[in-house]
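Order-wise, the sequence lines are chains C and H.
Mapping of the first sequence onto this note's numbering: position 228 corresponds to residue 228, and the numbering continues sequentially without gaps.
Mapping of the second sequence onto this note's numbering: position 158 corresponds to residue 158, and the numbering continues sequentially without gaps.
Be careful, since some hints might not be right.
Unchecked claim - One-sided and incomplete, this derived list gives chain C residues near chain H with beta-carbon spacing under 10 Å: (1) E12; (2) G55; (3) G56; (4) L78; (5) R187; (6) S190; (7) R195.
Because the hints were derived from the structure by calculation, they are not lab data.
Where is the CB? At the ideal position from N, CA and C, for every residue including glycine.
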Amino acid sequence: MDIIVCIKRVPEVAEIDLQVDQTGKSIKEEGLVFGVNDWDNYAVEEAVRIKEKHGGKVTAITVGSAESEEVIRRALALGADEAVMVTDPQADGSDAYAIAKVLAAAIKEIPYDIILTGVLADDDGCAQVGVTLAELLGIPHATLVTAIEIEEKQVKIKRELEGGMEEELVVATPALFTIQSGINEPRYVSIMGIRKVAKKEVATRDLGTLGLSPNQVGPAGSFTTVERIFPPPVGEGAQILEGSSDEVATKVMDVFQKGGVI
Amino acid sequence: MDFLEKHELYACLQCGKCTGGCPVSLRAPLNIRSLMREVLMGGSPEVALDCPGLWDCTTCAICTLRCPRGLKPSEVIVGLRAELVEGGRVPKTIIDALEGTFKHGNPWGRARQKRIEWKGDTAVKTLSDEGEAEWLYFIGCAPSYDPRLQRIPRILCRILETAGIDFGSLGTKESCCGNEIRRMGETGLFEELREENTKNFNASGVKAILTTSPHCFNTFSTEYDLDGFKVLHYTQLLADLIKEGEITFSKEVNKKVVYHDPCFLGKQHEIFDPPREILKAIPGLELLEFDRCRERSLCCEGGGGRMWAEGAGEGERNSEVRVKDAHAMGAEIIATACPFCLLTLEDGAKTTGLEEEMPIREILELVAEAMGFDDV
Chain C
1 MDIIVCIKRV
11 PEVAEIDLQV
21 DQTGKSIKEE
31 GLVFGVNDWD
41 NYAVEEAVRI
51 KEKHGGKVTA
61 ITVGSAESEE
71 VIRRALALGA
81 DEAVMVTDPQ
91 ADGSDAYAIA
101 KVLAAAIKEI
111 PYDIILTGVL
121 ADDDGCAQVG
131 VTLAELLGIP
141 HATLVTAIEI
151 EEKQVKIKRE
161 LEGGMEEELV
171 VATPALFTIQ
181 SGINEPRYVS
191 IMGIRKVAKK
201 EVATRDLGTL
211 GLSPNQVGPA
221 GSFTTVERIF
231 PPPVGEGAQI
241 LEGSSDEVAT
251 KVMDVFQKGG
261 VI
Chain H
1 MDFLEKHELY
11 ACLQCGKCTG
21 GCPVSLRAPL
31 NIRSLMREVL
41 MGGSPEVALD
51 CPGLWDCTTC
61 AICTLRCPRG
71 LKPSEVIVGL
81 RAELVEGGRV
91 PKTIIDALEG
101 TFKHGNPWGR
111 ARQKRIEWKG
121 DTAVKTLSDE
131 GEAEWLYFIG
141 CAPSYDPRLQ
151 RIPRILCRIL
161 ETAGIDFGSL
171 GTKESCCGNE
181 IRRMGETGLF
191 EELREENTKN
201 FNASGVKAIL
211 TTSPHCFNTF
221 STEYDLDGFK
231 VLHYTQLLAD
241 LIKEGEITFS
251 KEVNKKVVYH
261 DPCFLGKQHE
271 IFDPPREILK
281 AIPGLELLEF
291 DRCRERSLCC
301 EGGGGRMWAE
311 GAGEGERNSE
321 VRVKDAHAMG
331 AEIIATACPF
341 CLLTLEDGAK
351 TTGLEEEMPI
361 REILELVAEA
371 MGFDDV
C-alpha cells in the first residue's frame with residue numbers, strides 16, 4: 001500500500017493579534033511561529049500507521065516556500081519514507097485549484113494506492129485542495145474521514161456527518177481521503193528524530209521540472225484571487241459583564257434567564 | 001554504552017531505600033527498586049516502557065540522594081522517558097508541553113509576545129537592548145504566564161529596586177530553562193534550549209543570574225555550562241539583603257506560617273536556611289515546621305513534568321496531605337518558594353475544602369506585605 005500525503009506549512013495564530021500587511025492581501029509574518037497544518041499532522045500519522053500495518057511506502061509532498069522544508073523533515077521524522085518539495089516563486093498567489101494542479105503534476109511521477117490530505121488548512125480554511133486534486137487525478141475521494149481500514153483493492157472508511165452521525169463507505173483504490181482531526185493520536189516527533197533525518201534526501205521540484213507553465217499557476221492559473229483581507233467590523237450586541245466572579249456569574253444567569261436559555 | 005551500563009544497574013543492591021523514600025510509591029503504580037531490577041533482568045529498557053507509573057515520578061530525586069551505592073534511580077526514569085519520547089509514545093498532555101516549548105519557548109504553548117505580560121506597570125530593562133545590568137533576572141515560564149503567579153516577579157522587581165540592585169531581564173527573548181523538558185525525556189529539545197539561553201546570557205553582558213523558580217535555578221547551576229556566571233535562587237539573594245540591612249520591614253505579619261521546602265531548592269541543593277531566614281526576619285511572623293521538613297520534605301508532585309501529566313496515581317494527593325498537616329498543626333499560612341509548589345498546594349487546599357483556612361503564599365508575597373507593598 002503506497003501512500004502519498006500532502007502537507008502544508010501554516011502559521012500558528014491562536015493567541016496572536018494578526019496584522020494585515022502592506023499589500024492588504026496577506027498577513028504580516030514577522031514574529032509568527034510556523035508548523036505543520038494540524039489536519040495534515042493527523043494525515044501523516046495515519047499514513048505511517050497504515051504503512052506499519054500493511055507495508056508499502058509513504059511519500060510526503062508539500063508546495064510552498066523554502067521554509068516548508070521544516071514540515072517535510074518533520075514528516076520524515078514521523079515515519080514518511082520519501083519527500084517531495086515543490087518550491088517556485090511563480091506559484092505564489094495560487095488558489096486551491098492552482099495548488100491542486102501543482103500537486104497533481106508532482107504526483108504523476110509517483111506510484112500510489114491512496115492519497116491523504118488534511119480536511120482543510122489552518123490558515124485559509126478552503127478545504128478544496130484535496131477534493132480538487134482527486135478530480136484532477138480522476139480518482140474517487142471521500143472527505144472528513146475518521147477511520148480507514150485497508151482491504152484488498154478497496155478501502156473501508158468512516159466519514160463524519162452532521163448531527164453526530166457517521167457514514168461507512170467502501171471506496172475502490174486508487175482514492176483520495178481528506179483526514180479529519182482526531183482520526184488518531186499523532187505520535188511525538190522528537191528533536192533527535194528530526195536531527196536523524198537532517199541529511200535524508202528531499203526531492204525538490206519547480207514548475208519547469210513538473211512541466212507546468214507559469215500561467216497555469218499563481219493568479220493567472222487560479223479561479224479565485226484574494227481582493228483584500230481585513231478584521232471583521234465590530235458588531236453590536238456584545239455585553240461585557242464586570243465585577244467579581246460571583247457577581248459576573250449572577251449577571252450571566254440573569255442574561256440566560258431573560259434570553260430564555262434556561 | 002548501553003542503558004544498563006550507563007545507569008550502572010549492575011551495581012544496584014536492591015536495598016529499597018529508593019522506593020522507601022519515594023513520595024509517589026504509595027499512591028502510584030511506580031516501584032523504582034523493582035523497575036531497576038526489571039530493566040537489568042530484561043537486559044533492555046524496553047521491558048519497562050509500559051510501566052503505568054512512569055509519568056508519576058516527580059524527579060524530586062530523593063531516591064538518587066539516598067542511594068547507598070551512589071546510583072541515580074531518578075535518572076533511570078528520565079532515561080526510560082527518553083526512550084518513550086524517541087519512540088513518540090508520550091501522553092498527549094506531555095506532547096502539547098513539548099511542542100509548545102519547541103514552538104513558543106514555554107510548555108503552555110503561549111505566545112512569545114505575551115511573555116512580558118506579567119510586567120504590568122513594572123519597569124524592567126531588557127538586556128542588552130535597553131542597557132546593561134549586574135544581574136539578569138530569569139523570570140521563568142510559569143511566573144510569566146500564569147495569572148496567579150504573575151505578581152511574584154512584579155514583587156521581586158520592586159524589592160530589587162528598593163534594595164538598589166541593578167538588574168534586567170531577557171524580555172520576550174527568554175525561553176524555557178528546560179529543567180522540566182529534560183525530565184520529561186526530551187534531551188534534544190533540552191540541548192536546544194540550553195544553547196539558546198546560554199547564548200542570550202552571554203550576549204546580555206551580565207555575570208550573575210537570579211531565578212524565581214528553583215527548577216530554573218537547578219538546571220542553570222547543574223546542567224548548563226555557565227562558567228563565570230553566579231547563579232542564585234532569589235531566596236539566597238534576599239536573605240543576604242536582609243542581613244545587610246538593604247531590605248527593611250515596615251509592617252507586621254502576625255501569622256503562624258509553616259514553610260514547605262521545594263525539592264529542587266531544599267533536598268537537591270540544601271538551600272534550607274535562606275528561605276527560613278527571610279520568614280524569621282518578617283516582624284510578627286511565627287515560623288512553624290512540618291514534621292517532614294528540610295531533607296525529608298514531602299514532594300508536592302509538581303516537578304518532573306507532572307505539571308503537564310496527571311499521572312496514574314490514585315487517592316490522596318501529597319499536596320492534600322501537606323495542607324491537612326499544616327491545618328492540624330495550627331498554621332495559618334503555608335509559605336513556599338517555588339511556583340509549582342504554590343500552584344499544586346493551592347490545588348490541595350481547594351480539593352480538601354481548606355481554601356479559606358489555609359492560604360498558600362510565596363515567601364515574596366509575605367515579604368511584600370511586610371514591606372508595605374499593597375499595590376503589587
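Verification of the hints:
Restraint check, E12 of chain C versus chain H: the minimum CB separation of about 6 Å is within 10 Å; hint holds. The criterion of a C-beta within 10 Å of any C-beta in chain H is not met by G55 of chain C, whose closest approach is roughly 20 Å, and the hint is violated. Hint on G56 of chain C is violated. Least Cβ distance to chain H is approximately 20 Å, over the 10 Å limit. Interface hint at L78 of chain C: satisfied, since its Cβ lies 8 Å from the closest Cβ of chain H, which is below the 10 Å cut-off.
Taken as an interface hint, R187 of chain C checks out: its beta carbon lies about 3 Å from the nearest beta carbon of chain H, inside 10 Å. With 10 Å as the threshold, the beta carbon of S190 of chain C comes within range of chain H, its nearest partner Cβ sitting at about 5 Å, so the hint holds. Evaluation of the R195 of chain C hint against chain H yields a held restraint, the C-beta minimum of about 6 Å falling below 10 Å.
In terms of the numbered hints stated before, the structure departs from hints 2, 3, listed from lowest to highest.
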